[in-house]
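Undergrad: Sequence:
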Amino acid sequence: MEIGIQAYVKGSIDAVELYKKAFGAELGYHVLNPDGGYYHAELMLSGKPFLAVSEIGENFCTDVIPKYPNMNFGIVLNDEQAVRKAYSVLSEDAAIYTPLRVLPWSDLSADVVDRFGVYWYLTVPQHRPAE
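First residue of the sequence shown? That's 271 in my numbering, and the numbers climb one at a time after it.
No lab work stands behind these hints: they were computed from the structure.
The C-beta atom is built at its ideal place from N, Cα and C for all residues, glycine as well.
Check the hints yourself; a few may be wrong.
Mimicking PhoX-like on lysine-lysine, the simulated pairs with C-alpha atoms at most 25 Å apart in a straight line are [as the list claims (entries may be wrong)]:
id	residue 1	residue 2
1	K280	K290
2	K291	K280
3	K290	K355
4	K280	K355
5	K355	K318
6	K291	K355
7	K291	K318
8	K290	K318
Label-pair restraints from in silico Cβ distances [said to hold, decoys possible]:
id	residue 1	residue 2	range
9	D349	G327	18 to 24 Å
10	F343	G317	15 to 21 Å
11	G306	E350	36 to 42 Å
12	N303	V372	39 to 45 Å
13	V301	V372	40 to 46 Å
14	I275	I366	45 to 51 Å
15	P304	E350	16 to 22 Å
16	P369	P395	26 to 32 Å
17	P369	E328	33 to 39 Å
Could you put together the complete structure from these sequences and hints?
TA: Structural data, given as structure tokens:
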């Protein structure tokens, strides 16, 4: 089984550029809507699908925003430098739920809702403390 993640956003062209910059991703297969936004855009990391992005449609419910989103995209990055870069890029005009910090299971992590409303949990490879 494979699990894919897709973000539906207003401003998909800008979102794709932001995520390319934050994660070092490349644009893969993509189809544009007649209005110029992405009907479907696949972002690739090391030649593998990482994230799909689509322009939010008229039929999507966008008026209900929970105080704390009930789902996030948890991204495990290779090292602290990659976490700091992604955090820096995604934090622009964003809601910072938790700034960069150390947790019992992660040497560096953060929670950010970017300017497109996508909730990201950024972390270095996690570990569990000895019991």
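Undergrad: So the hint says 18 to 24 Å: do the beta-carbon atoms of D349 and G327 match that?
TA: 37 Å, violated
Undergrad: Verify the proposed pairing of K290 with K355, using a straight-line Cα cut of 25 Å.
TA: 12 Å, holds
Undergrad: Quick one: are P369 and E328 within 33 to 39 Å, going by C-beta?
TA: 35 Å, holds
Undergrad: Do the beta carbons of F343 and G317 sit within 15 to 21 Å of each other?
TA: 20 Å, holds
Undergrad: Is it true that N303 and V372 lie within 39 to 45 Å of each other by Cβ?
TA: 42 Å, holds
Undergrad: Can the restraint linking K291 and K355 be considered satisfied, given a maximum Cα separation of 25 Å?
TA: 9 Å, holds
Undergrad: Would the hint linking K280 and K290 be met if the CA-CA limit is 25 Å?
TA: 17 Å, holds
Undergrad: Per the hint of 16 to 22 Å, is the separation of the Cβ atoms of P304 and E350 within bounds?
TA: 43 Å, violated
Undergrad: Between K291 and K280, is the straight-line Cα distance small enough, at 25 Å or below?
TA: 18 Å, holds
Undergrad: Within 36 to 42 Å: is that where the Cβ-Cβ distance between G306 and E350 falls?
TA: Cβ of G306 to Cβ of E350: about 37 Å, so the range 36 to 42 Å holds.
Undergrad: Between the alpha carbons of K280 and K355, is the straight-line distance 25 Å or under?
TA: Judged against 25 Å, a Cα distance of about 23 Å means the pair holds.
Undergrad: K290 and K318: Cα distance at most 25 Å?
TA: Between K290 and K318 the Cα gap is close to 14 Å, so the pair holds against 25 Å.
Checked against the numbered hints listed earlier, the structure breaks hints 9, 14, 15, 16; every other hint is satisfied.
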